[in-house]
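Trainee: Take these sequences, add in the hints, and give me the full structure.
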Amino acid sequence: MPHNQWYSTKTRPNISNYDLELNFIQKELISRSSEANENEEINCNKKRIFSEIKDNQSDYTFQHGNISKSVESLSSDPYSRKKFKISYKNDILNKFPNEIEKHIFSVNTSPFLPFLSTFFDGINVEFDENINEVLFLKKTNENEIYYFHKTIINDIKIRTTPKALILIENQPDFDAELFFWVIFSYKINGLKISHDNMYYSECYEKDKDYIENNLPRESLTPKLFLFSSKVLKAIIIEENSNKILELERVTLTPYDICIMQNLNKLESLILVNCILPSKNQFFSKLCWHFLQLKVLKIIGFKLTAVFFNNLGNMKIEYLDLSYSFYKRYLYELLPWNENDALRGLRIDCAKLGYTCTNLLIKSRNLEYLSMRHLDFSNFKTKCDTLSGKKYLVLDLAGIFSQKQKNFFLIGLEVENLSLEYLDSIKLKNIHEQNTLHSFTKKLNPSRCRLDSCILETLKLCNLPPFAKILSKKFLSSNTVRSLDFSSSESLQKDMIFLSQFKFLKKLKLQKCNLKPGFMEYISNDSLYLSLKKLVIFGNQFDIIDLLILSRFKNLENLSITLEANIYRGFAAIYGNMYFPKLNTLFLVGSYITKDTIQFIITQSSLLNLHFVNSAIDNNVFSVNSISTLKYLQKIKFSD
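In numbering that gives the first Met the number 0, the protein residues as written are 0 to 638.
Quick caveat, the hints were computed from the structure, so don't treat them as lab data.
From a predicted model like this one, the values you see are computed outputs, not experimental measurements.
Possibly wrong hints are sitting among the right ones.
Listed next, the in silico DMTMM-like pairs over lysine to aspartate or glutamate satisfying Cα-Cα at most 20 Å (straight line) [to be verified]:
hint : residue 1 : residue 2
1    : 629       : 555
2    : 441       : 204
3    : 314       : 339
Mentor: Following this line, the structure appears as structure tokens:
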């Protein structure tokens, strides 16, 4: 298997099928660390290993849980683990007694990252090399395997939870000197703390209901002085290089606020549904404490005119005030500087009122604007702030009332337009916008109830009774590159309109409950060549549908619900389906049999394989069964 992949055993079947081979260096590094009893023996072997680490491109695998007993024994024996870590530190210092280049030192400290868990009895410490995050999390009984390979690590982010901080604080034999020697060998440029290790910034794009479905503030843990933790205090006060701070669903004390205000190098600040001290003025003083701030996300808070007036004096490039509300009190809103730096704005489900919303979306340099389910209840009758503007991305899902019918009347140009959750009356407010139809490349009307009338309103189809009336107003089928009709369950009878789009690169039709035969509507020679991403899980297929699917030879990303018996029948007639450029495959809600495995291993260019809510037949899936996929980097199982 390639070196940079990982497996989570939480959801995978029969772990006995995953007997992964360790190379010589991997075995030596793990076994010697737990078995050596003399400093000289440890040093001798580690020096040889580190020499190979430096000169060899091989990988280093550290296995946690029941997979590796050596790391477990090291964790359970305080004397052995301290002896090993002191020896390790001395070995590094003896090898490089003088100041050395950072990257040479990093090569020798990187293999030590998995052993950070040995500092704590109840904490797992994991490193994600893709985003350079070190995660401190309360131990569970889940088994996981992590692969580490030789990389140069200069910057890291710390990620943890309040429960983990409490366990760290109460660790009886915590060796702070050794721990900080390892941690401070890297530049720490970010800190993330969440109630449950879930983050809005990671989840919201995939789950727009994330805020409503997550823990309310009232259920948060009692006050915990986050930044009085010995680990965080040292990181913040001594390191003072943090550029990223992300706090979600945690309780902050006046002491915490005071510490946060000293992070004067912050470039990104994200606060999501936290409990703040009463009568604090933290938001009102952002412009004085964070002069370098470029990204600001304040989710679910009460905001005042002082905050908005000071915000206009900052150089914020991306602003997210979703689920927040504007509290008008004493001060009036001031106009913003015409030369503001704001490029992206998200105010989903916010209650900011007409004046405040108008102030924000008038920013002349906006390229990205999201106003999903924005509360327009207090808006003026006429609102045409968007008129005459150009956007790369505009998300207007579910926002329209009759008061906003003028939004699209004058010169709006959008490349990526989302119109989810709109009914036919609201969609008709768009149809007169000719420039919109000329410039739109990606259209997302998913979760709308689509019928012939609505499709014509959107200029997406040319049905005979309306051909003469709408012939000059059709959305240009040569312009659109991406369409998203996810969860549009009434789509099937009007799917003929899809046949006019000949240059699509992305098409999403997941969860539309489409019946067998629907693939014929996207069957044309141009689409066979242009389409690169196709998402069609949650629909029903027959053999002819799979035959049409097999003609999309330039597909790079495919998400599908593959019924084993249907594919078996297809393969018996036409052979295995093969996509020469396919690098990402999602099998969603599928039952994996030996026929499915044959389909998988036929995709010779595959890099990423995902099983989502799928069941796997016994004894059909193992490392050996997919060993022919020489480019495969990651296999992931999820619900």
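Trainee: Identify every previously stated hint that the structure contradicts and give their numbers, smallest first.
Mentor: none
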